[in-house]
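The task is simple: from the sequences and hints, build the whole structure.
Here the protein sequences come in this chain order: A and B.
If you read the first sequence in the working numbering, its first letter stands for residue 1, the second for the next number, and so on.
If you read the second sequence in the working numbering, its first letter stands for residue 1, the second for the next number, and so on.
Think of the hints as simulated: they come from the structure by calculation, not from any bench.
Being a predicted model, the structure only gives us computed values, none of them experimental.
There could be a bad hint or two in this list.
As the list claims (entries may be wrong) - Covered stretches of chain A (chain B as the covering partner; in silico rule of three or more C-beta atoms under 8 Å from a C-beta of chain B):
1) 183-194
2) 219-230
3) 259-266
4) 270-278
As the list claims (entries may be wrong) - Calculated pairs, BS3-like style, for lysine-lysine (alpha carbon to alpha carbon, straight line, at most 25 Å):
5) Lys247/B - Lys271/A
6) Lys273/A - Lys153/B
7) Lys96/A - Lys131/A
8) Lys206/B - Lys271/A
9) Lys96/A - Lys86/A
10) Lys205/B - Lys271/A
11) Lys273/A - Lys206/B
Idealized CB from N, CA, C, for every residue including glycine.
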Amino acid sequence: MSENKVIVKVDKLVKYFPIMAGVFQRTVGQVRAVDGISFDVREGETFGLVGESGCGKTTVGRTILQLYRPTSGSVIFEGTDLVTLKGENLRRMRTKMQMIFQDPYASLNPRMTIRQIVGEPLIVHEIGKNKEIDDRVDQLLDLVRLNPGFASRYPHEFSGGQRQRIGVARALALNPDFIVCDEPISALDVSIQAQVINLMEDLQVKLGLTYLYIAHDLSMVRHISDRVGVMYLGIMAEAASRDELYEHPLHPYTQALLSAVPVPDPFVEEKRKRIILEGDVPSPVNPPSGCRFRTRCPLAEKICAEAIPEWRDVGSDHWVACHMV
Amino acid sequence: MNPNNGHQTLLKVEDLVTRFNTPEGTVFAVNGVSFTLAEGETLGVVGESGCGKSVTMLSVLQLIQRPPGEIVRGKALFHEQDLLALTNDEIRHVRGAQIGMIFQDPMTSLNPVLTIGKQVSEPLMLHLGMSKKDAEERVVELLRLVGIPEAEKRLAQYPHQFSGGMRQRVMIAMALACNPQILIADEPTTALDVTIQAQIIELVKKIRDELGMAVIWITHDLGVVAGMAQRVIVMYAGYIIEEAPVKELYSNTTHPYTLGLLNSLPRLDRGERKRLTDIPGLPPLLLEQPVGCPFQPRCKYAFEPCKENPPLVEIGVNHKTACWWDVQGGGPRNV
Chain A
1 MSENKVIVKV DKLVKYFPIM AGVFQRTVGQ VRAVDGISFD VREGETFGLV GESGCGKTTV
61 GRTILQLYRP TSGSVIFEGT DLVTLKGENL RRMRTKMQMI FQDPYASLNP RMTIRQIVGE
121 PLIVHEIGKN KEIDDRVDQL LDLVRLNPGF ASRYPHEFSG GQRQRIGVAR ALALNPDFIV
181 CDEPISALDV SIQAQVINLM EDLQVKLGLT YLYIAHDLSM VRHISDRVGV MYLGIMAEAA
241 SRDELYEHPL HPYTQALLSA VPVPDPFVEE KRKRIILEGD VPSPVNPPSG CRFRTRCPLA
301 EKICAEAIPE WRDVGSDHWV ACHMV
Chain B
1 MNPNNGHQTL LKVEDLVTRF NTPEGTVFAV NGVSFTLAEG ETLGVVGESG CGKSVTMLSV
61 LQLIQRPPGE IVRGKALFHE QDLLALTNDE IRHVRGAQIG MIFQDPMTSL NPVLTIGKQV
121 SEPLMLHLGM SKKDAEERVV ELLRLVGIPE AEKRLAQYPH QFSGGMRQRV MIAMALACNP
181 QILIADEPTT ALDVTIQAQI IELVKKIRDE LGMAVIWITH DLGVVAGMAQ RVIVMYAGYI
241 IEEAPVKELY SNTTHPYTLG LLNSLPRLDR GERKRLTDIP GLPPLLLEQP VGCPFQPRCK
301 YAFEPCKENP PLVEIGVNHK TACWWDVQGG GPRNV
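Quick look at the structure:
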């Protein structure tokens with residue numbers, strides 16, 4: 001995959017959210033949700049972005065799509081810096097990049113029929129007339145293995161897995177090249193998760209899609225990704241090809257995270273050694289100095305509080321930010 | 001045969017049936033569930049949402065709202081008394097005292113307007129008749145036991161001042177306050193991050209081993225169960241469909257649903273890129289009593305006899321399954 005061309009290049013991406021207080025809503029602080037992240041997503045691959053809640057992975061996805069405008073940094077998509085685009089130019093770019101949301105219950109308007117929901121991107125971007133839109137919706141529903149005969153029904157008439165497939169159909173309506181999938185299966189039951197993942201993998205091959213797959217489920221990320229990035233408190237701790245990352249994790253956070261994931265096999269579980277991290281993730285309003293992981297890191301030394309570890313390639317496209325590696 | 005390796009049976013649930021009478025119709029939530037729990041044993045109860053795993057345990061403690069809930073029949077024998085036959089006052093002396101519970105969402109289980117100290121000391125004063133001062137001392141001890149730093153200072157704090165993981169620790173402290181013989185944990189780590197989940201699981205294991213407490217751990221996560229349970233019950237559509245010691249269940253899986261669940265899971269520890277085997281279809285809505293095997297509509301092994309619901313029968317040492325087909329042998333099972 002490494003020879004494939006870069007479709008999305010994220011460079012030193014920063015997104016702060018202001019904290020407002022008082023009658024005049026003055027800014028009294030900042031949530032440093034994403035604080036200088038760089039990585040590439042290559043054509044046709046799935047880049048898995050993992051991390052625990054509050055690490056900023058969802059913000060990265062939304063900032064790449066310019067649903068949030070970044071505080072600084074750039075996002076080069078197919079040669080264009082999205083951060084500099086505005087208005088009509090940005091709107092036109094949106095047809096090429098779409099999003100699948102986490103909650104299939106909240107992301108579909110309950111008052112719209114499936115036909116209206118899936119057809120809406122086509123209407124918004126003025127692609128096709130009534131009949132053409134109807135045909136396209138039928139085709140899309142067929143693509144996600146839903147009966148087009150159900151197009152006049154409402155979201156509440158569908159199960160969670162079916163709703164998520166409606167969300168996938170909507171994301172595909174404009175023939176995008178790149179889809180940000182933000183925890184697309186985490187609200188679904190175990191037996192339904194595999195259905196949606198298999199569908200997404202089939203569509204990727206069929207339509208040549210590139211995915212940014214954001215999730216906290218490290219087992220599923222290993223399954224679906226070609227390369228994986230691990231985030232912690234607004235920064236990228238480590239990124240590498242999937243087997244390299246899972247077989248040879250270098251960052252102490254990645255090591256702890258992987259060791260914490262239960263494996264559905266009692267014979268394996270019996271022999272596993274867990275690295276139990278102390279305490280909780282600090283607040284992104286006041287992140288620790290130097291390395292952000294140092295307050296929970298079993299290897300932390302003096303330098304970790306003093307200097308921010310450099311984000312560097314330690315060989316064979318394995319990136320890590322740690323003084324101790 | 002005693003399924004509990006010679007240990008004394010602590011809890012014995014027999015033929016439990018629980019229904020909910022809703023405006024949409026009757027929901028057949030639990031349809032005749034029987035199981036036992038031995039002293040000091042950790043029992044995993046696994047299933048997807050709506051399979052009846054929580055309702056089963058809530059029914060045992062008479063914690064389902066009635067109406068709309070209704071415990072149609074069944075027994076739950078604990079120290080030779082039937083928990084389902086107890087009056088409200090009587091069961092209150094069991095709940096929180098002899099049987100402790102922790103729930104999925106620690107934020108909604110804690111009272112937001114009471115301090116942590118007050119909430120954790122409540123069961124001590126109520127069940128053990130401790131004085132306020134003694135209770136407070138014991139609370140500090142309990143908070144230390146569950147790994148809350150600076151316990152004395154945190155007594156006067158409110159739940160919102162605690163993180164999710166710390167709130168779950170408070171819940172565990174409350175559940176342990178009266179030295180219960182059974183701890184029922186209903187998806188206690190589902191809302192937590194994986195590194196915090198690992199902390200909580202380690203904590204419960206440590207306390208379990210120290211106090212010799214029996215644990216019922218309800219979860220949808222087959223990984224969590226693999227690491228902590230000694231015996232596992234798998235539920236589907238309000239029935240127990242398979243029951244076995246943990247290693248037996250994973251290495252000699254006999255029910256197509258259990259097998260389907262295990263095959264649909266990606267593995268953190270395996271590199272090969274294999275397509276996931278999904279289970280087609282959806283779990284039943286339970287608005288009508290299933291006719292025949294409840295898993296039959298989604299089962300790839302379904303054949304003629306599945307029109308009748310298979311009983312849960314012993315097919316190996318302490319291994320029970322409810323299926324007409326012998327998955328391992330590849331033929332009809334002789335029942």
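Output the indices of the hints that this structure fails to meet, ascending.
Hint 6 contradicted; others consistent.
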